[in-house]
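> Using the sequences and the hints, build the whole thing.
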Amino acid sequence: MTEIPAWGPKMAALSDKRRAFVIALYSGDAPAKGDGLLIWAAQQAGYGTPTSSNKSLGVIANRIVHDESVQQAIAEFSRGMVRAIAPEAVRAVRELVRDTRHKDHGRAIGQILDRVAPIETINHVKIEDNRPPSREAMERVLARINELAMRAGVVLPPEADYKLIEGPHDDA
Amino acid sequence: MMLECPEGGTPEHRAWLDALSDDERTVVYAPVGRLHELLVIAYTKYAIERVKMPRGERAMLLQQLNDLVAKLPHGFLSAEMLATIQPMSDTEVQMMHEARSLDPKDCKSGKASFDVLTNLRTFSIFVTLNPSLLTALKMRWPVPRWQEEVLK
Chain A
1 MTEIPAWGPK MAALSDKRRA FVIALYSGDA PAKGDGLLIW AAQQAGYGTP
51 TSSNKSLGVI ANRIVHDESV QQAIAEFSRG MVRAIAPEAV RAVRELVRDT
101 RHKDHGRAIG QILDRVAPIE TINHVKIEDN RPPSREAMER VLARINELAM
151 RAGVVLPPEA DYKLIEGPHD DA
Chain B
1001 MMLECPEGGT PEHRAWLDAL SDDERTVVYA PVGRLHELLV IAYTKYAIER
1051 VKMPRGERAM LLQQLNDLVA KLPHGFLSAE MLATIQPMSD TEVQMMHEAR
1101 SLDPKDCKSG KASFDVLTNL RTFSIFVTLN PSLLTALKMR WPVPRWQEEV
1151 LK
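In order, the protein sequence lines correspond to chains A and B.
For the first sequence, the numbering used here begins at 1 and goes up steadily by one.
For the second sequence, the numbering used here begins at 1001 and goes up steadily by one.
Hints were generated in silico from the structure; no laboratory data involved.
Source: prediction; values computed, not measured.
Worth double-checking, as some hints may not be accurate.
Unchecked claim - In silico contact screen, one side only, chain B against chain A (beta carbon under 10 angstroms); selected entries: (1) Q1086; (2) S1089; (3) E1092; (4) A1099; (5) D1103; (6) S1113; (7) D1115.
To be verified - Below, computed lysine to aspartate or glutamate pairings styled on EDC-like, alpha-carbon distance capped at 16 angstroms: (8) B:K1111 with A:E68; (9) B:K1108 with A:D16; (10) B:K1138 with B:D1023; (11) B:K1045 with B:D1067; (12) A:K126 with B:D1106; (13) B:K1105 with A:E68.
As the list claims (entries may be wrong) - A short, non-exhaustive set of chain B residues, derived as facing chain A with CB atoms under 8 angstroms: (14) T1091; (15) Q1094; (16) M1095; (17) E1098; (18) S1101; (19) L1102; (20) P1104; (21) K1108; (22) S1109; (23) A1112; (24) F1114; (25) V1116; (26) T1122; (27) L1129; (28) M1139; (29) R1140.
We treat Cβ as the ideally placed atom computed from N, Cα and C, and that holds for glycine.
Dropping the structure here:
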């Protein structure tokens, strides 16, 4: 089995038997889930007696595995295990990539390429400021235009509201 | 010519439209986009004549100006109209720059300056300072009677 990482706080908080139960769940010799994994782990951890039935061991194992502190310890141990088995995973993937006849050969290559050279999506976001000018700014500019016109000798009528004609236009 | 437009749809507006002279009607019934184009042409002519720039750039501006005849929709601009429009004076250029100062930086639509420049009062000032704008407009823009009816 892969080297077990040092206990985290959740694992350390468990009793020896419960900690052994959690470790047994990850044993290389353990049966698959659904094939008596919990019962086997309970036996390995020393629960029950040599004469205990699978049924009573199952009850004990279920009670342990659903305990909050055990659940937290399992989560903590799993994170450590994932880090610990990373080199193994890399080796396994390498073997998979090298085995051209494996059914998942192509998928493995694709997943690796996705990580090495991920597809890049570039989004260009163009923001244009089309806010209308403030009334003050508009009045200031119109006043300046009036001033320039008067200086050039244009006779202006008295000040009035500036309005745009709104209506249909035809370019034809 | 100095145009001030009363609020549309009011009796004052209808009376105002009825009282317009031929010159004024030409401006009032012309699409605002066309008015703006005339101003841009006069402004570009000013730039070609008066602004220091590399010879190549000047040639490019001239080319773009000539290309407008073919590019503008519905044959709005004829070569005669283009030749008629005189370059802006310094005052007009200053007015143009004042209007352009309303456009936010990097704004390509130029909506704010467009609204000010094509405002009837502002455009009237331009026409007073540069009558060639009206002369050119009249070459292309006899006001159809139905259009007058629509706006009344």
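> Confirm or reject each hint.
Status of the hints after comparison with the structure:
1. Q1086: 15 angstroms, violated
2. S1089: Hint holds; B:S1089 Cβ to chain A Cβ min 7 angstroms, cut 10 angstroms.
3. E1092: Holds: closest Cβ of chain A sits about 9 angstroms from B:E1092, inside 10 angstroms.
4. A1099: 6 angstroms, holds
5. D1103: At 8 angstroms from the nearest chain A Cβ, B:D1103 passes the 10 angstroms test, so the hint holds.
6. S1113: 9 angstroms, holds
7. D1115: With a closest approach of 6 angstroms, the B:D1115 hint holds.
8. B:K1111 with A:E68: 65 angstroms, violated
9. B:K1108 with A:D16: Distance of about 73 angstroms is beyond 16 angstroms: violated.
10. B:K1138 with B:D1023: 8 angstroms, holds
11. B:K1045 with B:D1067: 14 angstroms, holds
12. A:K126 with B:D1106: 11 angstroms, holds
13. B:K1105 with A:E68: 61 angstroms, violated
14. T1091: Because about 4 angstroms separates B:T1091 from the closest Cβ in chain A, which is inside the 8 angstroms limit, the hint holds.
15. Q1094: 5 angstroms, holds
16. M1095: 5 angstroms, holds
17. E1098: It holds, given that the least Cβ distance between B:E1098 and chain A is near 5 angstroms, below 8 angstroms.
18. S1101: OK, holds: B:S1101 within 8 angstroms of chain A, min 6 angstroms.
19. L1102: 4 angstroms, holds
20. P1104: Check passed: Cβ of B:P1104 comes within 4 angstroms of chain A, closer than 8 angstroms.
21. K1108: 7 angstroms, holds
22. S1109: 6 angstroms, holds
23. A1112: Interface hint status for B:A1112: holds (5 angstroms vs cutoff 8 angstroms).
24. F1114: Violated: closest Cβ of chain A sits about 10 angstroms from B:F1114, beyond 8 angstroms.
25. V1116: 6 angstroms, holds
26. T1122: Where the cut-off is 8 angstroms and the nearest Cβ of chain A is about 6 angstroms from B:T1122, the hint holds.
27. L1129: 6 angstroms, holds
28. M1139: 16 angstroms, violated
29. R1140: 11 angstroms, violated
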